[in-house]
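Colleague: For chain A, the structure is supplied; the task is to place chain B on it using the hints.
There are 2 protein chains.
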Amino acid sequence: MKLAVDAMGGDDAPRAVVEGVELARDVRDDIEFILFGDEAQVRPLLKNDHHIKIVQADEVIGMDEEPVRAVKKKRKSSLVLAAKAVKNGDADALVSIGSSGALLVSSLLLVGRIRGVDRPGFTATLPVINDDRGFTMVDAGANADAKVQNIVQYSLLAKYYVENVRGINNPRIGLINNGTEADKGDMIHRKMHDALQELGDKGQINFIGNVESRDLLNGVTDIAVTDGFTGNAVLKSIEGTASSIISMLKSGIKQGGIGSKLGALLLKGTLKKIAKKMDYKKQGGAVLLGLKAPVIKGHGNSDAETMKYCLTNAADVVKSGYVKAITDHFNEHEINPTDEVIKSE
Amino acid sequence: MKLAVDAMGGDDAPRAVVEGVELARDVRDDIEFILFGDEAQVRPLLKNDHHIKIVQADEVIGMDEEPVRAVKKKRKSSLVLAAKAVKNGDADALVSIGSSGALLVSSLLLVGRIRGVDRPGFTATLPVINDDRGFTMVDAGANADAKVQNIVQYSLLAKYYVENVRGINNPRIGLINNGTEADKGDMIHRKMHDALQELGDKGQINFIGNVESRDLLNGVTDIAVTDGFTGNAVLKSIEGTASSIISMLKSGIKQGGIGSKLGALLLKGTLKKIAKKMDYKKQGGAVLLGLKAPVIKGHGNSDAETMKYCLTNAADVVKSGYVKAITDHFNEHEINPTDEVIKSE
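Here the protein sequences line up with chains A and B, keeping their order. Throughout, this note's numbering is defined as the position within the first sequence, counted from one, plus 397. Throughout, this note's numbering is defined as the position within the second sequence, counted from one, plus 397.
The following block holds chain A by itself, in its conformation from the complex (with noise of 0.2 Å):
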């Protein structure tokens, strides 16, 4: 299995990456690393090229950059050349911690969508407080101005993300809603809830309603689907108050004088596990659902350690099958009829 790696993408770059992906290629035999970037930034970083081939990208397109413009134009960038190595059949996965922006467009435009789905959207897999399992959420914020049927497509991409990558037969799958009342909501998210449950009724989801954020965190489902700008805001909520009461914890235990300190101390076990519950490092970046090749969004503030969960997981998604079963859905069932008159936009 290969893996193409925008190795000039994030804030530390190239650094971050290169070590990551050695890092990943030092526990995982299985898969091979196409980095695209500027060889005399990237071959130095190297320790071993063992499993790693660097192909040489003249240009890097920068996080200011307007997203649809940089693609076309830079076709000599590290994430372009990447892109087109998954579309060429040279790589089969697309991993990059740089512009969100860029990279969705370079993989609507290069790796392709499945056919039956109009926009891609980006998972991500959240903490679950007395499980282990955690949920996913999708979208995460590829799409804002989201429409019933990208929702409609959510719940079916995240169904079959969920059931092969991550092991959960028949996943709960519930909508973000301003209540948990089939009537909740605002207009859209109205329709939307009612198109869910169509699908629901048809069996293809295991639709369980309309959940609350506050409700996320207690394990209420397993799959929560949401517009692109909900999601967003639900996700960098949770993410700030987590840090928040974090670094509230820290800096109390600091000032707190040498009783405090032991406190700390005794109560490691306890702290130990919030943050490590809280800490989204080991979940492996975002993935870009719906397109024909998986596609990984990491951090951009991201080290080595969570380049190569990153890494990691891209390898794991690759190998799970997912893309096979949602294509084979999609072509399975009637596809939305306002697919083709989005596609040729």
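The hints are simulated quantities; they were obtained by calculation from the structure and are not laboratory data. Certain hints may be false.
Where chains are identical, the list cannot tell them apart; a pair therefore holds if satisfied intra-copy or between any two copies.
[What the hints assert, rightly or not] Below are the PhoX-like pairs computed for lysine-lysine, each with C-alpha atoms no more than 20 Å apart in a straight line:
id: 1; residue 1: K716; residue 2: K470
id: 2; residue 1: K665; residue 2: K647
id: 3; residue 1: K473; residue 2: K450
Remember, predicted model here, so these are calculated numbers, not experimental data.
Modeller: Same frame as chain A, now just chain B:
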């Protein structure tokens, strides 16, 4: 000053309400309370009726009733009678911990909107980690289908509320969005940003641009303006995450044996500080902004102590002169031209 109190709302009605009224009366000599409810149930719960008057209400609006129908049909309900008392000038503010929807409808129909306001919005005042002031979110859920002019009005309502009630001069106002750059967001949030920017350029508000939900607890803004759907999702995500982490801490301490309990004792100061920060009980309920008199909604599960804070907060809002300040603003400035159209819906 007189507060009209719906005695029959909430999970533990009328007990929690009546006990809360007595707690508030015992700390504040400047408030007279009019309790609307079933006297046969309310009277026996009262220890003494100093500054407390009971007005018989034969009906109660339940949590599951359709709000518009319930308010129109149940003319003798505790909520409708309390709202009428405010309308007739017999009370200065309305307080309820019953159905939000019914409170919203009775406020619109009976208390009435300030000229220039299309839709009222709920406040939620939340903690900020390194600051005792916190921030205020509007709308926290009254109006899920917010339009651009609603958001503009919320920014003004919130400005005068935060200046007069919370004592923060020229408060910073941010729009919750999926990135801080001016062009971020789905279509409607981009338009909301531009309208707020225009109002800021005119000097009517101190608009600081888009803010992300992950930065709210860090004090990035004094006021977070948002549509009611996103506001609800963000609020519930913050509450859910805080309560999940706190329950992980508690169960870790409980299950951890004697060392763990000693650790918790040594860390008591820090743990208490966090629990206090994240405790919504003292925040005094959500204020429904944009009406001719203050309307305060407490959590349905409020106990007497929480109810007390709702009542003293209501009195503070009355005293603050907030309603006059925002009314003056709308009298001095041009009213949004869509206003009359919406009023005549």
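Colleague: Against the earlier hints, flag every one the structure doesn't satisfy and list their numbers going up.
Modeller: 1
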